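Undergrad: Given next are the chains, with one letter for each unit.
Protein chains: 2
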Amino acid sequence: MSSEASRLNVMAAKNIVIQVTTSAAMSKAGNQLNLAAIGSIADQVSMLAGKGHNIQLVASGTSTSGAKVSGAFNALLSLKEPEGSGLIHVSTHPDESSLASSTIQSTGSTLLIYLSHAQGIVDSKGKVVSTYDPSTALLSPSADTSNPMSLSSSSFVSSAWELASGHGCVVVMASTSETDVLSRIMAGHQIGTVFDPAALTTAAGSAVGSSSSRDMAVRARAASRALQALPTEERVAILNRVAAALIQHQEEILTENAKDVQEAEGKVADSLLQRLVLKPSKISLLAEGIRAIALQEEPIGKLLTKTEVAEGLILDKVTAPIGVLLIIFEARPDALPQIASLAIRSGNGLLLKGGKEAARSNAVLHRVITQAVGPVGPDLISLVQTREEISDLLGLDDVIDLVIPRGSNALVTHIQRNTKIPVLGHADGVCHLYIDEAADLSMALKVMVDSKVDYPAACNAVEKVLLHASWLNKGGFDSVCSALRDAGVLIHAEGEAVTRLLSDAPPAPSGRHEYSALACTLRVVGSMQEAIDHIHAYGSSHTDAIITEDFSQAESFLKAVDSACVFHNASTRFADGFRFGLGAEVGISTSRIHARGPVGVEGLLTSKWIMRGSGQIVAKDNGVSYTHKRMS
Amino acid sequence: MSSEASRLNVMAAKNIVIQVTTSAAMSKAGNQLNLAAIGSIADQVSMLAGKGHNIQLVASGTSTSGAKVSGAFNALLSLKEPEGSGLIHVSTHPDESSLASSTIQSTGSTLLIYLSHAQGIVDSKGKVVSTYDPSTALLSPSADTSNPMSLSSSSFVSSAWELASGHGCVVVMASTSETDVLSRIMAGHQIGTVFDPAALTTAAGSAVGSSSSRDMAVRARAASRALQALPTEERVAILNRVAAALIQHQEEILTENAKDVQEAEGKVADSLLQRLVLKPSKISLLAEGIRAIALQEEPIGKLLTKTEVAEGLILDKVTAPIGVLLIIFEARPDALPQIASLAIRSGNGLLLKGGKEAARSNAVLHRVITQAVGPVGPDLISLVQTREEISDLLGLDDVIDLVIPRGSNALVTHIQRNTKIPVLGHADGVCHLYIDEAADLSMALKVMVDSKVDYPAACNAVEKVLLHASWLNKGGFDSVCSALRDAGVLIHAEGEAVTRLLSDAPPAPSGRHEYSALACTLRVVGSMQEAIDHIHAYGSSHTDAIITEDFSQAESFLKAVDSACVFHNASTRFADGFRFGLGAEVGISTSRIHARGPVGVEGLLTSKWIMRGSGQIVAKDNGVSYTHKRMS
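Chains as they are written, first to last, in my numbering: chain A, 1 to 632; chain B, 1 to 632.
Okay, chain A solo, but in the shape it has when bound (with noise of 0.2 Å):
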């Protein structure tokens, strides 16, 4: 497989060819112009000649079609407000499947985009391929089912390729139907086929260009697939040599680290700086660390359970690897390192893309793993360093299997919400901390106070406290009110009676508000059912917890709440991967779907039936005769 490179000469272009095929630009029954196909493509034209580009603006089909086309491009574009310095022109070329030659000859373009129904040209398993490979066959142009593009592929592949090898103007081939698809593509994103010589490396791993993220899931698949054949004793060792790795080069990662940390400073916020900063102190952790998820039970292929079908015939479902996940993570280098350890121990090819304050510190860390990673090859582990963003790789649900997100609130939300592949994570932690009429007062309190105040910003802190009534009249509510005011945390009032009582208090900015401080919500609440129900309203199913000493009050509860943690009489801070006993921590998940709560290792596998007979058909079910018994 060819990797590719990035698209240098596309947005190095000038002089620009934009040829549009008429029945791009027209309704499907092809007596209307398509206005807001015409409109876009204005908008993104006038916003290039903005920035300096000339363009020659071109529609392509019958003359009748070419004129009404470019005379609506002419229409349009007179309507926006002149800016730049960069000239666009308009014509017409009298056919859609031939590229539009003699006008990129006259006007020296160094770049023609061709825009159809067509979203490019499509390798065997009818996926579009980035980069064009003459050495690659059977390629055909995708077309819209619907509107299928009367283009002849082998002529119009043909010369294309003969423009960008023979007279050096990179064709590019998308689809109107792409949102920003000219913007997009002057960036540099991956959209649509590229026809360029250049944007081919002909040797692997050369330095020129970086491959396209598509490219690197599919080879982390590859490489996972390597990876998960090795023997345990194989595995286990890549993992100590990386340990060893991090030791070795600890120098040139702090080097690296203390550039991007320099290059921060005063830039972002103290907080953020902290967690960017690497130490020695924290280089040996982390090295510990993977030494001892090295020494952890074999995570592949372990037996979930056992049936024998039929006679002789025998099924077992074992763990497998999910095989490709994304990680996006934000300013801390040190995750990098973890993550790597926990997808190569579960046998998982890996995508990593983190944030642009440590891109040195997570170059260096790429580096030292990829090279302990021995046979399998780098292309385990890709670190995505390009200018492509992160939307890019959301789109990639075929071949990525998981996306992580470690990061902050707001990236999660963007990731959940733009995105088809499954989102390992939470968005947000609102839980709520009922305190039942039947409390240990004490117990509450200092549960209370712990669930806050332990690490007031993280996702299982508590966010409401919901006071069961009663206490109103045995003393209970200034209790709670002092115990938070001097561990220093400002309440907030919800609900006529708390608002009434503590009429200094501000109220709760919103029913459901994580405030990440010093704060909370208080709410005083007639009974655990209305507890319960609040907390199904206004909650985020990440952690909640009953204080009582009513046991069937409790139980009642813990069945209720529909959260992926649920406390009896404990703090909710408790919520956590390596607290719960799961070693590594993957991550916490709100999701419903694969993995709920602290996910360790085991929400990096999936599971593989496997079957073992001697020759059992199935014969309309006369074949044997089944048994199924659980054998375990």
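No wet-lab data here; the hints were simulated from the structure. Small disclaimer: the values here were computed from a predicted structure and weren't measured. A few of these clues could be false.
No copy is singled out in the list; a pair is fine if it fits within one copy or between any two copies.
Claimed, not checked - Below 27 Å or equal to it, Euclidean Cα-Cα: the simulated DSS-like pairs (lysine-lysine) are:
id, residue 1, residue 2
1, K317, K28
2, K317, K279
3, K620, K279
4, K302, K317
5, K51, K474
6, K282, K259
7, K559, K446
8, K356, K51
The hints should help you fit chain B onto chain A, whose structure is shown.
TA: Below, chain B without anything else, positioned relative to chain A:
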């Protein structure tokens, strides 16, 4: 919670005012026209006029921006070919945040569509409400954060409600960024927020209009929690009542089904018609199946692990219902009671969307089942029968946890490509059988024929036979061909060897082809590794098998092949929930997340962590001394 009627008044409007805020029609900086947005609106307005609607298009903003935007609308509309009888008139309105009431009155319009950056009115959780209800508090317009609306929410909302309730002009508020926003609003889709007193049904369960699917999902979750709170005996009793009700209402069910069948006759394929028909025997079998589900072990709250975290602090991981499932199924009405019963057994709420061929059958089955549900209420299982399309349902990723498609490959592929809700299913089953050098040939022939012929259209049927090259010299090749041909299987040739040897065989249509018929591809491979690589390159990771007497080779194959099911010396047709002994089958998943391969009731379950303590706190991890003893 109020249920929502369909938007009949919206769809019925002939004279329409479409008010577009200039901030939504200009670039973010505000100096350039957003021609993509304006062009799209012009396309849609022109189309609506073509259908006979009279349209007042109002650009609302300052006099400068209003003139600019209305000028652009006029320019763009003049590019459209006139069609149909509707009139289009473009004007301006001086204030973005107030409604163009005078235009409404002067034109006798009964619908105002207000297009801005805001997606609609949001509730306290930030979700857009489909129907504005003045009895609900705390509503405010959602705004694109990058371009917040200037309108004062309360005055806008009250004048919209005043127009709708006092002047009989329905108001719909939606965002220009929605694809085909106008066309979809006029088709009755639940986009944005509608202000319409008639859309609020005052009596719950009123026959006027049906609930929105979002509302159904929200109520299904509440009902599922009530179901989960019931003791096991009561959930079992519900299932037995459902089984009895099916028998009791058999006549009614058969009558409605007969109407469906009559209407479908001659219009659909015979095989589809067969699946549509219900018979007394089928209903008895259904009832029996439901009683069997009732007898199964309680799936909810099953202990998965038990850990002593610290002295007196015990952590259980138990099974829990997923929440709300969406099942989309095609012609088979018997799928409805089966799936509903699995959902009841596992404590989940359900939205069902059936094929239109079975509409009457589904309606009567749904009514009979929900009547039998009893105190939990009919909201537990909703049948989506409105004009809402599958695409609308697939957008409900915030209120639906899992979608299970039961139907054709095309249906499953469409769903997988168009939703962020996790999908349990498989689009295709391209299963391989590899006949190794060391195979017992007669076993290989027997298993090969069964794997294809037992049910050629099944997803677990073999589509490609990979034959080790050594058989070319041992007579095995001819035996394989004869066995397939004798069983009526058409061989398609792939690769040089087979193409040469079987000159009369048609070529395989592609490297990855699911025949779903008495046909398969035959290819010769040089080694087991080549077979594995081929399966990884062209398979669908469903089920792949090896036939060999070399058990060490077999183990390597079972380990290396990265598919949901991998078999040694057994027919691929065993890949099935019933044959695996899982009891009821939910589906077969080729996803690597949540559940993989044949999935039983466990596919409808997630897990939940329950911790029981006696006041333990974390206190910077000095609060307890961790033991992490695995107890079970």
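Undergrad: With reference to the structure, classify each hint as holding or not holding.
TA: Now the hints, each set against the structure:
Taking identical chains as interchangeable, the C-alpha atoms of K317 and K28 are never at most 27 Å apart, the minima being 50 Å within one chain and 55 Å between chains. For a Cα distance limit of 27 Å, the shortest separation of K317 from K279 qualifies neither inside one copy, at 44 Å, nor across copies, at 37 Å. Taking identical chains as interchangeable, the C-alpha atoms of K620 and K279 lie at most 27 Å apart only when they sit on different chains, with a minimum of 22 Å there against 66 Å within one chain. In this assembly of identical chains, K302 and K317 lie within 27 Å of each other by CA distance both inside one copy and across copies; the values are 8 Å within and 19 Å between.
For a Cα distance limit of 27 Å, the shortest separation of K51 from K474 qualifies neither inside one copy, at 71 Å, nor across copies, at 70 Å. Taking the closest pair of Cα atoms, K282 and K259 come within 27 Å of each other only inside a single copy of the chain (17 Å); across copies the shortest separation is 73 Å, beyond that limit. Proximity of K559 to K446 under the C-alpha cut-off of 27 Å is restricted to the intra-copy arrangement: shortest distance 24 Å within a copy versus 52 Å between copies. For the homomeric pair K356 and K51, the shortest alpha-carbon distance inside one copy (25 Å) is at most 27 Å, but the shortest distance between copies (53 Å) is not.
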